[in-house]
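Enquirer: Here is how the chains run, residue by residue.
2 protein chains.
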Amino acid sequence: MKNFKYYNPVKIVFGKNTITELPKLLKSRKKILFLYGGGSIKKNGVYDQVIEALSGFDFIEFSGIQANPDYASCLDCVLLAEKENIDFILSVGGGSVLDAAKFIAAASCYEGDEPWDILTGKVKIQKAIPIGSVLTLPATGSEMNSNSVISRREIGEKLAFSSPFVYPEFSILDPETTFSLSKRQVANGIVDSFIHVCEQYMTSHIGSPLQDRQSEAILKTLIEEGPKAILSNKDYDVQANIMWCSTNALNGLLGCGVDQDWATHGIGHEMTALYGIDHARTLAVILPGLYSYLREQKEEKLLQYGERIWGITMGDANVRIDEAIARTCLFFESLGIDTRYSDLGIDEDAPEKIAERIDKKSYALGEKQNIRGPEVIKILRNLK
Amino acid sequence: MKNFKYYNPVKIVFGKNTITELPKLLKSRKKILFLYGGGSIKKNGVYDQVIEALSGFDFIEFSGIQANPDYASCLDCVLLAEKENIDFILSVGGGSVLDAAKFIAAASCYEGDEPWDILTGKVKIQKAIPIGSVLTLPATGSEMNSNSVISRREIGEKLAFSSPFVYPEFSILDPETTFSLSKRQVANGIVDSFIHVCEQYMTSHIGSPLQDRQSEAILKTLIEEGPKAILSNKDYDVQANIMWCSTNALNGLLGCGVDQDWATHGIGHEMTALYGIDHARTLAVILPGLYSYLREQKEEKLLQYGERIWGITMGDANVRIDEAIARTCLFFESLGIDTRYSDLGIDEDAPEKIAERIDKKSYALGEKQNIRGPEVIKILRNLK
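Chains as they are written, first to last, in the working numbering: chain A, 1 to 384; chain B, 1 to 384.
Read the hints as simulated data drawn from the structure, not as lab findings. Check before you lean on any hint, since a few could be wrong.
Claimed, not checked - Label pairs and their computed distance ranges (CB to CB):
1. A:Arg308 - B:Arg327: 45 to 51 Å
2. A:Arg308 - B:Lys24: 34 to 40 Å
3. B:Glu169 - A:Lys228: 39 to 45 Å
4. A:Gln126 - B:Arg372: 54 to 60 Å
5. B:Tyr7 - A:Asp259: 25 to 31 Å
6. A:Arg308 - B:Glu333: 25 to 31 Å
7. A:Phe179 - B:Arg372: 40 to 46 Å
8. B:Ile51 - A:Ser55: 53 to 59 Å
9. A:Gly311 - B:Leu75: 56 to 62 Å
10. B:Ile206 - A:Asp316: 38 to 44 Å
11. A:Phe179 - B:Lys24: 43 to 49 Å
12. B:Glu333 - A:Ala317: 35 to 41 Å
13. A:Asn17 - B:Pro374: 35 to 41 Å
Keep in mind the model is a prediction, meaning the values are calculated, not measured. Each residue gets a CB set at the ideal place from its N, CA and C atoms; glycine is no exception.
Build the full structure now, drawing on both the sequences and the hints.
Expert: Below you can see the structure in the form of structure tokens.
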């Protein structure tokens, strides 16, 4: 096992009718920024629940945060937060709203001229406005981590930052808030969570059996519960299980003491930045090609995954790995998520365009830092 | 899934040579109490490592904390902490030293006359001196939770308390510090951790598949790594895996949203209070009888445990449950831990004495609160 540090102070409040806990959690906040996305929380009753819970608090609203939250909107909100002396940001929605909240919280306390530096890594933030969240879409794990991903559409960039200052103070997870999600959102969330686990699990790292099994616990549960949620997302226990899987998939625990990969995400972010494709859908087309291309490097773990998750024990290593990848694709497809690059209907030369962007980075991708432009082309075109 | 709250702000610093991180973690503490047990940390080099790390800090030592830490010693230390204006307690040792640190931290800030009230639950503490720990014996999980168990030998009591104010601020876990443990300590730690998982897993609660698998992940890893550690406890990876299992077994995550039992512990604490038997060894003789006695109530989970952990799929429910219990006993025995009550060599009428103490409590034990004195006798005597 590698040396590691683990710290995660987020208070999770999970279950039915837990939005009513908000007043206790907000304590004596003086001026709250209530941040949300489009109108979905007004349709599913969450907005009304939050407004009721905020009765007696001084708050203002800022809405319109997009999926893949945009830098420009965030900056508008930073101006508002500064003008209004906001001392707490309450994010209500999915991971995009919460990622925006984290960036706004950090940028509002940042003294420099160019908050984009927070995302490029040029500066390390030293403080942030405290954040809380009401999560309505299980997917990104943002509710229990210190990560945020922001898109800057004007220059076609999508970058992430992480800082202990942007851990949500609390996250309220009421599975009933997910009952109004579309099948597409449910499927995206399941695949996103699944691949968050894979990024920490499917490496050449061997010898951390607890972390492997903690990862497999989530993968198995998503495979078991996911298809039920696609049939109907009104079963409380199914939604609760998926929601808790999603949080556990990216709260840092799985990555303790092991190597991590994140090449699928690295390539996926470029694909979303260029073509605006749903995050999860980029991951689902990249992952199969990546594992096929890196089958030797990841052989031992791919075989373990095949055996423990899919019961694949017959055939030589190549056959078993092919079957493990095929079963993974079938699972994604059963949820309605395409797994072939050609299904995306984007430019013929998209792999080359993405590769060019990857080559411009100062670092290579993957657990072994061996993924640059040429490898990206092979992965996306499924070449050897 | 049941509604739940989860909050665990302990900073884990895990790995080789991590005691050198102490100065950074202690920041600008003014007066540190360095708390430890007997002489073992002087023999294995941990004492010297800590003294070196504390160079430049103002600190005093308090040693002599026993296994099953005693109330009287803790009170001596409270007097010292108050006299010396201690603003941080550094626990160096196993769970007993850390449990003592938690109680001392709370009692030092308690205004009332009788700190025992903290343990009886008469008062809820409102503050405590901050604590940090260097863990040298994986077993209790105290390094990543807010629980403490204190014995009061003069009246033969052993009680627990829990408070968010006594979460360690940090816990340093260096697996190399466990290389000098005796086989008995290693075995006790493995069984203690295993049964911590069982207390949260082996209930009649069904429908939280992620938590079940997170529990099974630890059980399987302990079964795999435990015997290796008994052969030799100088294999870094084996010790690291056991240490991380032990922390994960009782950091609160497994118990999220599920019913919990803790009857084995409730009975075990009485046995230790009366006869001074090692905590883990009391659990190992109680658990088989408890599961046999409650086989109907826990049937579904016992069958799941038998199948997923031990591969037991043949036979009717009773046969499979008997086999699952037998395999559990064989595992404990393979580590050198007895599983029959008669092996303990205590009074013939010990079950009745323990039952009498259980009957004096204001609450019944177990997930269904259906374990009182008469049931304890049946469990310990393996009667139906």
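Enquirer: Now look at each hint and say whether the structure bears it out.
Expert: Right, here's what the structure says about each hint:
Our hint of 45 to 51 Å for A:Arg308 and B:Arg327 is violated, since their Cβ atoms are close to 20 Å apart. Taking the beta carbon of each, A:Arg308 and B:Lys24 are about 39 Å apart, inside 34 to 40 Å as hinted. Taking 39 to 45 Å as the suggested C-beta distance range, the pair B:Glu169 and A:Lys228 conforms, at roughly 42 Å. Judged by the Cβ atoms, the range 54 to 60 Å given for A:Gln126 and B:Arg372 holds: they are separated by roughly 56 Å.
Under the hint 25 to 31 Å, the C-beta atoms of B:Tyr7 and A:Asp259, about 29 Å apart, fit the expected range. Here the CB-CB span from A:Arg308 to B:Glu333 is close to 28 Å, well matched to the stated 25 to 31 Å. Range check, A:Phe179 to B:Arg372: Cβ separation about 42 Å, and the 40 to 46 Å hint holds. Checked against the hint of 53 to 59 Å, the C-beta distance between B:Ile51 and A:Ser55 comes to roughly 56 Å, which is consistent with it.
As the Cβ distance of A:Gly311 to B:Leu75 is approximately 58 Å, the hint placing it in 56 to 62 Å holds. For the pair B:Ile206 and A:Asp316, the beta carbons lie near 39 Å from each other, so the given range of 38 to 44 Å is met. With their beta carbons about 46 Å apart, A:Phe179 and B:Lys24 fall inside the hinted range of 43 to 49 Å. A beta carbon spacing of about 38 Å between B:Glu333 and A:Ala317 agrees with the range 35 to 41 Å that was offered as a hint.
A hinted range of 35 to 41 Å holds for the C-beta pair A:Asn17 and B:Pro374, which are about 39 Å apart.
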